[in-house]
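Engineer: All chains, full assembly: derive it from the sequences and hints.
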Amino acid sequence: MPVITFSKKDFDELLGKKLTPNELRDLLDYAKAELEHAEGDTISVKYNDTNQPYLWCPEGLALLLRGILGKETGLPKISTTKTDKAILVDKTVKTIRPYIAGFIAKGPPLTEYLLKLFIQLQEKLADSYGRHREYVSLGLYPADKITWPATYKAVKPDTVKFMPLDVDKDMTLNQILEHHPKGKEYGWILAKHKQHPLLVDAKGAILSYPPIINSQTTGRLTVGEKTILIEATGTSKTSVELCAVIFAYALAARGYTIHALTVKDEKPHQCPNVQPAENPLDATLVAKRLGLDLTQKDIEKHLKRFRYGYDGKNVQVPPYRQDIMHAYDIIEDIGIAYGYNNIKPLAIHTHTRGASLPDVPLLNALRDLCVGLGCQEVFSQILSNPEVLYNNMNVAREDFIEIENYTSATYSCVRSWILPILLSMLAQNRKAEAPYKVFEEGLVTVRDGKNYHDEHHVAVTLSHAEANFTQIKQFAEHLIRQIGKEYTAKEDNHPSFIPGRCGALWIGKHKVAFFGELHPAVLEKFNIDMPTVGLELNVSVLQ
Amino acid sequence: MPESVENIAANLHPLERKLLPHVGQKSSFADIVKKSGMQEVEVMRGLQWLQNKQLIQIYQDLEEQAMLGELGQKYRQEKLPERKFLDALAKEKTLPVSAIAARAHLDINETNTVMGKLKMASFITINKTDKGVTVALTKDGENFLRKPLPAEQLLSKEFPVPVASLNHEEKEIVQALQKRKDIITIDLVKNISASILPLGKNVASNSAFATTSMDALTPKILQTGEWKNKIFRRYDTTINVPKIFAGKHQHYRRFLDSIREKFISLGFTEMTGPIVETDFWDMDALYMPQFHSARDIHDAYFVKEPKRGELDEHFVKKVKQMHEGGGAGSTGWQYAFNEGMTRRVLLRTQATACSSRMLASKNLKIPGKYFGIARCFRKDVIDATHLADFHQTEGIIVEEGLTLRHLFGLLRLFAKEFAGTDEIKLVPGYFPFTEPSVELYAKHPVLGWVELGGAGIFRSEVVAPLLGKDISVIAWGIGIDRIGMFKLGLSDVRDLFSHDLNVLRNAKVI
Chain A
1 MPVITFSKKD FDELLGKKLT PNELRDLLDY AKAELEHAEG DTISVKYNDT NQPYLWCPEG
61 LALLLRGILG KETGLPKIST TKTDKAILVD KTVKTIRPYI AGFIAKGPPL TEYLLKLFIQ
121 LQEKLADSYG RHREYVSLGL YPADKITWPA TYKAVKPDTV KFMPLDVDKD MTLNQILEHH
181 PKGKEYGWIL AKHKQHPLLV DAKGAILSYP PIINSQTTGR LTVGEKTILI EATGTSKTSV
241 ELCAVIFAYA LAARGYTIHA LTVKDEKPHQ CPNVQPAENP LDATLVAKRL GLDLTQKDIE
301 KHLKRFRYGY DGKNVQVPPY RQDIMHAYDI IEDIGIAYGY NNIKPLAIHT HTRGASLPDV
361 PLLNALRDLC VGLGCQEVFS QILSNPEVLY NNMNVAREDF IEIENYTSAT YSCVRSWILP
421 ILLSMLAQNR KAEAPYKVFE EGLVTVRDGK NYHDEHHVAV TLSHAEANFT QIKQFAEHLI
481 RQIGKEYTAK EDNHPSFIPG RCGALWIGKH KVAFFGELHP AVLEKFNIDM PTVGLELNVS
541 VLQ
Chain B
1001 MPESVENIAA NLHPLERKLL PHVGQKSSFA DIVKKSGMQE VEVMRGLQWL QNKQLIQIYQ
1061 DLEEQAMLGE LGQKYRQEKL PERKFLDALA KEKTLPVSAI AARAHLDINE TNTVMGKLKM
1121 ASFITINKTD KGVTVALTKD GENFLRKPLP AEQLLSKEFP VPVASLNHEE KEIVQALQKR
1181 KDIITIDLVK NISASILPLG KNVASNSAFA TTSMDALTPK ILQTGEWKNK IFRRYDTTIN
1241 VPKIFAGKHQ HYRRFLDSIR EKFISLGFTE MTGPIVETDF WDMDALYMPQ FHSARDIHDA
1301 YFVKEPKRGE LDEHFVKKVK QMHEGGGAGS TGWQYAFNEG MTRRVLLRTQ ATACSSRMLA
1361 SKNLKIPGKY FGIARCFRKD VIDATHLADF HQTEGIIVEE GLTLRHLFGL LRLFAKEFAG
1421 TDEIKLVPGY FPFTEPSVEL YAKHPVLGWV ELGGAGIFRS EVVAPLLGKD ISVIAWGIGI
1481 DRIGMFKLGL SDVRDLFSHD LNVLRNAKVI
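Residue numbers (my numbering), protein chains in the order written: chain A, 1 to 543; chain B, 1001 to 1510.
Everything labelled a hint here was simulated from the structure, so no lab data went into it.
These numbers come from a predicted model, not from an experiment.
Glycine included, each C-beta is placed from N, C-alpha and C at the ideal position.
Hints are not guaranteed to be accurate.
Calculated pairs, DSSO-like style, for lysine-lysine (alpha carbon to alpha carbon, straight line, at most 30 Å) [said to hold, decoys possible]:
#, chain 1, residue 1, chain 2, residue 2
1, B, K1320, A, K124
2, A, K344, B, K1365
3, A, K106, A, K203
4, A, K237, B, K1320
5, B, K1320, A, K288
6, A, K237, B, K1318
7, B, K1171, B, K1079
8, B, K1262, A, K344
9, A, K71, A, K106
10, B, K1147, B, K1171
11, A, K288, B, K1365
12, B, K1035, B, K1018
13, A, K192, B, K1379
14, A, K192, B, K1307
15, B, K1469, A, K344
16, B, K1425, A, K18
Residues of chain A clear of chain B, computed beta-carbon distances all greater than 12 Å [unchecked claim]:
#, residue
17, L19
18, K71
19, T73
20, K85
21, G107
22, I119
23, T159
24, D201
25, G204
26, Q216
27, K301
28, G312
29, K313
30, I480
31, I507
32, D529
Structural biologist: In structure tokens, the structure reads:
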């Protein structure tokens, strides 16, 4: 979730009101954001909504909150000036990173604070909205040095050389990917492509190598600059254009004028496009979703506070709101503007009969029986590892659900049985007072080739100086007998147990439980020096 | 009021009763053990109880005791070097030193020490000649060929020997032997003894002391009616007894059981889903676009084998259509939906996967209320507040005409039922699958505003493809692990799954 940092004083100026920390906290609810940190003049805001990136800068946040406070309502408009400058989009980028958006902003000399804010916005958009630059990345440039038109094309990475940011020598694209920190960090995005994107100007000067890095000579924005080029490249046209629009609104709020570029792809168009979208709004849907009986006037008031335009029929959606996919998206904003805590709750009176899952009574009965037999119930994590589940148990590893991207080897697979987990617990409790009698009822996942399914198991271990086969067989038979099932006892040869001291209970052609005296070699692997008997029962075959 | 002698006498423990006659004036502990025929621990315990009742006085004196060293033990079993030396001379009476040493198996050091000692005692004479040193046995020496040397006498005593019990000569021998290595050492030892006190004498001579009171009640006593003429020994009912560790349900499971009961009582039916899920039911069916940044917080564990799961093609088609081109009033996300990605097998990241399955189920009833308590998994570093393996409680209410006001009513009810509070705060929230979305906060008396969960009304884009029509579905999720921690008074989330037997045994039953 994106977090942005800015000056409180600056924000108060943008908002036109000096806010107390509590007022700010309350107002941030409207932006689905929270105050993460406040120290002196510096405040950090965290956004829970990853779908409204226009709020990820103080300018955008102030735009909304001015509306909420009623200082300035309705559709915010900015104007753009046409230019004869253009970005030519070459066909070669079509299968790699097909879209680009860009414009030029002119204004007062760039201050250090603003430069920092713009870089922050650039990074948040690329990182969070662009998912680590894979879908969108942005570049900021001093625009004066550029000879127009610029061209966005793709080249073979070993044929081109330029000086990337923070380096003092020319490097080929391949060298950048291999040696430059940014190349190493983002190279994976281009890994499957034979040709890589490049933005060059009319004289052939390389501006940047999207989405990796800008040029040191033509792509370094510094304090004092008055003319800035903003561009965004990516895999979706909507996304790159949205980023351009968000930047245009942020720059406009700082007194910059916005100068459009023509993006010449298959359908040449002006960028940024700051025209609002027109969405018809059916007022009955408002009542249907929110349960509020609002007049046309109320609806208009709340929409305008949320910076929409409204003519009684159609809603004008600001161009920086690409998250509006459904009338309900607009209606939610009406509800938020109305105030969630002003909405009167209604009870749901429809009668329904509640019920647990069908297997719960049986599972609970088995748990109660185990407690009745003197066992402490255990509740473990479902994730475990092959060492405990198979190696220590002297069991050949069969199919099981293994995690490909695990974070810790201790939790690298889903358990397929529970007994080993109780044994590893025993090893951790060697100092606890006797007797050691524990059980766990829970889910396991069993895999057979491509198929896998969950089962409910019950496992028991009894560990004390006199633990023996009879006790665990009594235990197993007690459980099955008490739930009223007929069973057959058979010899079993599970490798975790001493040969000849392992039995199983069968119901029809299903083995329901196996149990016995754990083999000393198994106990040794768990570092247990006490005779131990164990039982594993598959409840799922009982149903 | 002091207890009467008779009462004391009547209520003595059998151990005390057995011990008291063997306590005289300064009777030694060893003596009492021997005479009573009881075990040392029993004697110690009994004496302590008797002293507590002021019947006897226990003394712990420090006493010098002569102890046998390693060589001392050896000499006691074999022979003293002096004896070996004298024995070697027994036949010839005069012999060269080298011959004696060889015959007695003594090394040079031992030979020299022993020679010095024997000469001092005038048992031998030493003559130096041209051929070397010879030794001759004296008359005194000959006498001692047949009777024990003083040192031998001393070593034959039963050790340890209290130094105070030795006579003057014996003490001198001890001093001499102390100078030789490892034969005898003097240690300070705690010596326990006990003396009977006047009250003890009175108790012992009281008639109640002789008439044995009843101890444990046995079947035989009941069968014979023997108890009728006797009194029962009174127990100290305030005495500490050992703890027992009985069978017990796990604390967090009991809590989850209570949550299930609560939902059922509120008219909800339990739903479930598999631990190992597909991307489809976990995210795509919930209208979370495949490229979207909202997926970052759902850092999923992917499964190595199988990589692709089986899906119902009917639903894949519908969901794909919704993501790509919209429907039910929506524009859709407008991107190329990846059918390979939607089949990816992962560990369920959210209990909402149970809700999406329920919506698509033939068993869904409208109106219907459903809940699920599901184990979920996310790639997280494990610490006091995060587990890779955790629970979510999720649910849906499917009913035509439900609005945000009904959702708020439900949340108010939940705050009351699960957190026991009327004081709630509803804050706009964001979930990719609900619109509107809300977060529920409840006022905790100590912790202040605490987030209880999130909720919303499922987007049309979620409901229409799965249900075949777009009706109101209220959806909510409660962070049950956190509420459980509050209820159980835990500060570390790992304690919910504790493997520490002491924690499990001592956990409060709620």
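Engineer: Compare the structure with the hints numbered earlier in the document and write down the numbers of the violated ones, lowest to highest.
Structural biologist: none
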